[in-house]
Amino acid sequence: MSGYNPSQRRPDGAALAMAGLLAVLGGVILWDAARLHQTGGYSGVGPGDVARWIGYALLALAVWSGVAAFRETPVRPPRQDAVSVLWVAGGLGAQILLLNTAGFAIATGLLFAFTARGFGKRNLALTIPVGIIFALVVYLVFAGLLKLTLPAGPLEHLFLGK
Amino acid sequence: MKHTLFAGMMAAALALPAHATDYMIMAPASPGGGWDQTARTMQEVLQADGISSSVQVQNVPGAGGTVGLAQFASQNAGKADQLIVGGFVMVGAILTNASPVSLADVTPIARLTGEYEAIVVPASSDIKDINGLVEKLKADPGAVSWAGGSAGGTDHIAVGLIAKAAGVDPTKINYIAYSGGGEALAAILGSQVTAGISGLGEFKAQADAGALRILAVTSDERIAGVDAPTLKESGLDVVLQNWRMVAAAPGITDEQKAAISADVEKMVNSDAWKTALETKGWANTYLAGDAFKAQLDADIASTSTVLKDIGLVK
Amino acid sequence: MEALSFLMQGLSVAMDPMLLLYALIGVTLGTAVGVLPGIGPALTVALLLPVTYGHDPAGSLIMFAGIYYGGMYGGSTTSILLNTPGESASIITALEGNKMARAGRGGPALATAAIGSFIAGLIATLALAFLAPYVVKVALAFGPRDYFALMCLSFITVSSAFGDSARKGLISLFIGLSLALVGIDQLTGQARLAFGVPQLLDGIEVTTLAVAMFALGEAFFVAGNRATGDDQVIAIKGSVWMTAQDWARSWKAWLRGTVIGFPIGALPAGGAEIGTFLSYAAEKRLSKHPEEFGNGAIEGVAGPEAANNASAAGTLVPLLTLGLPTSATAAIMLAGFQQFGLQPGPLLFVTNPQLVWGLIASLLIANCMLLVLNLPLIGLWVRLLTIPKPWLYAGIMVFATLGTIGANPSPVELAMLLIFGLMGYLMRVHGYPIAPVVVGLILGPMAEQQLRRALSIAQGDVLTLVGSPLSATLLAFSVLALVVPMVLRMRGKGQMLSQLAAEED
Numbered sequence: 001m002s003g004y005n006p007s008q009r010r011p012d013g014a015a016l017a018m019a020g021l022l023a024v025l026g027g028v029i030l031w032d033a034a035r036l037h038q039t040g041g042y043s044g045v046g047p048g049d050v051a052r053w054i055g056y057a058l059l060a061l062a063v064w065s066g067v068a069a070f071r072e073t074p075v076r077p078p079r080q081d082a083v084s085v086l087w088v089a090g091g092l093g094a095q096i097l098l099l100n101t102a103g104f105a106i107a108t109g110l111l112f113a114f115t116a117r118g119f120g121k122r123n124l125a126l127t128i129p130v131g132i133i134f135a136l137v138v139y140l141v142f143a144g145l146l147k148l149t150l151p152a153g154p155l156e157h158l159f160l161g162k
Numbered sequence: 001m002k003h004t005l006f007a008g009m010m011a012a013a014l015a016l017p018a019h020a021t022d023y024m025i026m027a028p029a030s031p032g033g034g035w036d037q038t039a040r041t042m043q044e045v046l047q048a049d050g051i052s053s054s055v056q057v058q059n060v061p062g063a064g065g066t067v068g069l070a071q072f073a074s075q076n077a078g079k080a081d082q083l084i085v086g087g088f089v090m091v092g093a094i095l096t097n098a099s100p101v102s103l104a105d106v107t108p109i110a111r112l113t114g115e116y117e118a119i120v121v122p123a124s125s126d127i128k129d130i131n132g133l134v135e136k137l138k139a140d141p142g143a144v145s146w147a148g149g150s151a152g153g154t155d156h157i158a159v160g161l162i163a164k165a166a167g168v169d170p171t172k173i174n175y176i177a178y179s180g181g182g183e184a185l186a187a188i189l190g191s192q193v194t195a196g197i198s199g200l201g202e203f204k205a206q207a208d209a210g211a212l213r214i215l216a217v218t219s220d221e222r223i224a225g226v227d228a229p230t231l232k233e234s235g236l237d238v239v240l241q242n243w244r245m246v247a248a249a250p251g252i253t254d255e256q257k258a259a260i261s262a263d264v265e266k267m268v269n270s271d272a273w274k275t276a277l278e279t280k281g282w283a284n285t286y287l288a289g290d291a292f293k294a295q296l297d298a299d300i301a302s303t304s305t306v307l308k309d310i311g312l313v314k
Numbered sequence: 001m002e003a004l005s006f007l008m009q010g011l012s013v014a015m016d017p018m019l020l021l022y023a024l025i026g027v028t029l030g031t032a033v034g035v036l037p038g039i040g041p042a043l044t045v046a047l048l049l050p051v052t053y054g055h056d057p058a059g060s061l062i063m064f065a066g067i068y069y070g071g072m073y074g075g076s077t078t079s080i081l082l083n084t085p086g087e088s089a090s091i092i093t094a095l096e097g098n099k100m101a102r103a104g105r106g107g108p109a110l111a112t113a114a115i116g117s118f119i120a121g122l123i124a125t126l127a128l129a130f131l132a133p134y135v136v137k138v139a140l141a142f143g144p145r146d147y148f149a150l151m152c153l154s155f156i157t158v159s160s161a162f163g164d165s166a167r168k169g170l171i172s173l174f175i176g177l178s179l180a181l182v183g184i185d186q187l188t189g190q191a192r193l194a195f196g197v198p199q200l201l202d203g204i205e206v207t208t209l210a211v212a213m214f215a216l217g218e219a220f221f222v223a224g225n226r227a228t229g230d231d232q233v234i235a236i237k238g239s240v241w242m243t244a245q246d247w248a249r250s251w252k253a254w255l256r257g258t259v260i261g262f263p264i265g266a267l268p269a270g271g272a273e274i275g276t277f278l279s280y281a282a283e284k285r286l287s288k289h290p291e292e293f294g295n296g297a298i299e300g301v302a303g304p305e306a307a308n309n310a311s312a313a314g315t316l317v318p319l320l321t322l323g324l325p326t327s328a329t330a331a332i333m334l335a336g337f338q339q340f341g342l343q344p345g346p347l348l349f350v351t352n353p354q355l356v357w358g359l360i361a362s363l364l365i366a367n368c369m370l371l372v373l374n375l376p377l378i379g380l381w382v383r384l385l386t387i388p389k390p391w392l393y394a395g396i397m398v399f400a401t402l403g404t405i406g407a408n409p410s411p412v413e414l415a416m417l418l419i420f421g422l423m424g425y426l427m428r429v430h431g432y433p434i435a436p437v438v439v440g441l442i443l444g445p446m447a448e449q450q451l452r453r454a455l456s457i458a459q460g461d462v463l464t465l466v467g468s469p470l471s472a473t474l475l476a477f478s479v480l481a482l483v484v485p486m487v488l489r490m491r492g493k494g495q496m497l498s499q500l501a502a503e504e505d
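As you go down the protein sequences, you meet chains A, B and C in turn.
Take the first sequence: its letter number 14 is residue 14 in full-length UniProt numbering, and every next letter is one higher.
Take the second sequence: its letter number 30 is residue 30 in full-length UniProt numbering, and every next letter is one higher.
Take the third sequence: its letter number 436 is residue 436 in full-length UniProt numbering, and every next letter is one higher.
Same shape as in the complex, but just chain A (with noise of 0.2 Å):
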């Protein structure tokens, strides 16, 4: 390590990335904690002390962090397909958006096809119909035979008879 001079490496982006957000959730942990009524009662111990200690725990890992950005080399992380990941990513989002207006079925359904798109099965007029059928059936066992409370849409009342 001595007589190493750190400046002829590029530093580690992900690892000072990491050092920053650490640096920034200590921060705010820190300010939330700042604002609690101090109540430990008997016990000496509130719960901003304890959220505190996390707070400087953070602080403290993210220098570590920042430190071993540049000391250390930097593992490069496997190279990701990011359209992959956002198709999934998506699918998840849809769901989430037409969970409670289109019913469990149709979201779900879009949610499986999307899923099976970032997975490389691009035909959606085949997916989005497989997965409606495969979320209705789903639900029709989970909400139907075991009393789950899943949100329905108008696919749910047809088959539901409601």
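Derived by calculation from the structure, the hints in this document are not laboratory data.
These figures come from a predicted structure and were not determined experimentally.
Straight-line alpha carbon distances no greater than 25 Å define the calculated DMTMM-like cross-link-like pairs of lysine to aspartate or glutamate that follow:
(1) 308/B with 32/A
(2) 293/B with 254/B
(3) 204/B with 183/B
(4) 136/B with 461/C
(5) 172/B with 135/B
(6) 308/B with 202/C
(7) 172/B with 461/C
(8) 232/B with 129/B
(9) 274/B with 290/B
(10) 172/B with 49/A
(11) 137/C with 183/B
(12) 128/B with 140/B
(13) 257/B with 44/B
(14) 257/B with 290/B
(15) 138/B with 461/C
(16) 266/B with 278/B
(17) 137/C with 126/B
(18) 164/B with 309/B
(19) 252/C with 292/C
(20) 137/C with 208/B
(21) 79/B with 105/B
(22) 252/C with 291/C
(23) 308/B with 49/A
(24) 293/B with 265/B
(25) 274/B with 22/B
(26) 172/B with 140/B
(27) 121/A with 81/A
(28) 164/B with 129/B
(29) 164/B with 237/B
(30) 136/B with 227/B
Footprint (simulated), chain A over chain C, 3 or more residues, beta carbon under 8 Å:
(31) 190–201
(32) 210–223
(33) 379–393
(34) 414–427
Here a beta-carbon is modelled for each residue, glycine too, at the ideal position from N, C-alpha and C.
Starting from the known structure of chain A, arrange chains B and C on it as the hints suggest.
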């Protein structure tokens, strides 16, 4: 900003299409808890006795019922087929969580069941009666640790009221909050704390087995089958009932309210309801109409005062 | 022996073909629902409770026992095969189990989990029958300071699950601890890090975080790695069954897991997860193949799986002897008893011995049924991995979200699922271990609450923390667990120092 965003999101997302069911009961808690069981018992009885042809239960858990209450009040205005189960715990939760929606934003129909609190010590304790406990409390409030349910809940409120009635500064009580009845009970049985406070039902079996001593109960009059005085006759003016109720949506007409009240009354008077209460060990404390309204207002006022006294609400 | 004759009587009643059928239906339903991520045994029993309603008490009780053990067991299958734990007690199983499955050894992993669960269930159920009154005395002696000491021990031993880099492991743990702060502080009722969002007041659900980080994070990761195609899973390599060596390495782990899991399950504030953490750490320390840990060591599946089933039986100790429901699952069980007008309590063993022994007999039968049902299915389960990935992961996403939607269909909860899923993905990409985040979320609040309770009872006297023999012993163990490996490393410094240097530069 965040608030309105979420409120908007929820309102838009949750505009459920109308069901052809007679009633939709919201249990503002997870499946399995007291409110959920109340809702599901209502469902069973309403259907079995033909008071309603179809009843559904919906669980919206969170923050002492205030999440469910907020959702219920904002989405169901004027809908006569929507009911929500709630209880005394909600009164405290609304205050401690500074909930924007309160019980004034729904239409309370009736109190259904209730349970009184009991103050207990382990059988091995040197405290023999409630006066012994009160004396200890007066001598050194910090030395008396109380195990009970969550902070600001019924049990905590009861301890605050007892301290106040005994002339002890309520902020000085050493209350140890536990999440579930079981965990608190274990701490009491293991003599980890001085005393315990919770619903009588939690302690009854242990007291019958001789593992716990019930010092007092928070009822108005002595309870049959329980060998303990009331707080009132021990000189502490505290009466507290942990009740559960049913409420309807805000903005319904008087006729709609009357119809719901009639259905609930029919349910309460049915044999199926009485049997269900018996098997579950719930006391029937049915109270409706103006009497319930007055009781509710009194409870809200006294809870608000005591929570301020304890220091949980500013 | 009176107890034994009651047990025999219970078993003979339960051997009725009709009742065996109930048991079979119970374990099948329980396993099926328990497999779903986010639906643990508590919710499984709650959902299926009405199914048992209306049957005769004996049949319902047997079905009920089957659902309970089935739900407990079901979580391990998806944990091993798909790296998506069905519930929090199966998280540790995923660590080694999934590595085994990826190497084509999913069959032996599932088998050791099934047989380990069976053996642990058997021993623990017998222990429940004969030792419950003694175990419960110890459990009640556990006060807040003792729990705090147990948490300290868990924190330190579980760090062996952190992977290679201490820095990354600690960062993961502290992210978990930070998430644990969110919500109402239980002891004072004040909200922390809730930012005025009411849905955050109850804190972050362990199951939501676990499902998001494991199931969703895994799906994102596999999708992201599609380009490189280095995520090939081999369905089967070698036999589906356990080899002689697998047996030799598993049986001790099963027994140790049982011995650790049962008493911790019996603790009123224990919890099945803690048993699995401690079992995993113990196996890693004692293994002759420590280098295999992290790459699919069979002991790392056998021990924790045994521990979580043993603790399922342990949970029934306070329930049957004291009427104490100490977990969500036990609370639901209590509701199940009440359905038949029975109040479990200190007198249940005396007033209703047939019932208690009937239940214990049912648990034994359900346990056997589970083995009978699952062993032949292993070959089938393993073939799950041969389903083309688009369909497989689409199905996983549906079931992962189903659990959350079923428990709490709020957009906020689902949004959390998405956010934590992406977080789990990014952490995977950059080599941060996932398990410590969930560990932090589980242990953090327990440690904090018990510490503050202990101090409150002692009115602020810090010495109370070492004031009981139990807490002093547990803390001494924690110190040993922390110091001994350090000393060992100093001794064998050659290898260690070079490793240190490698990390520093």
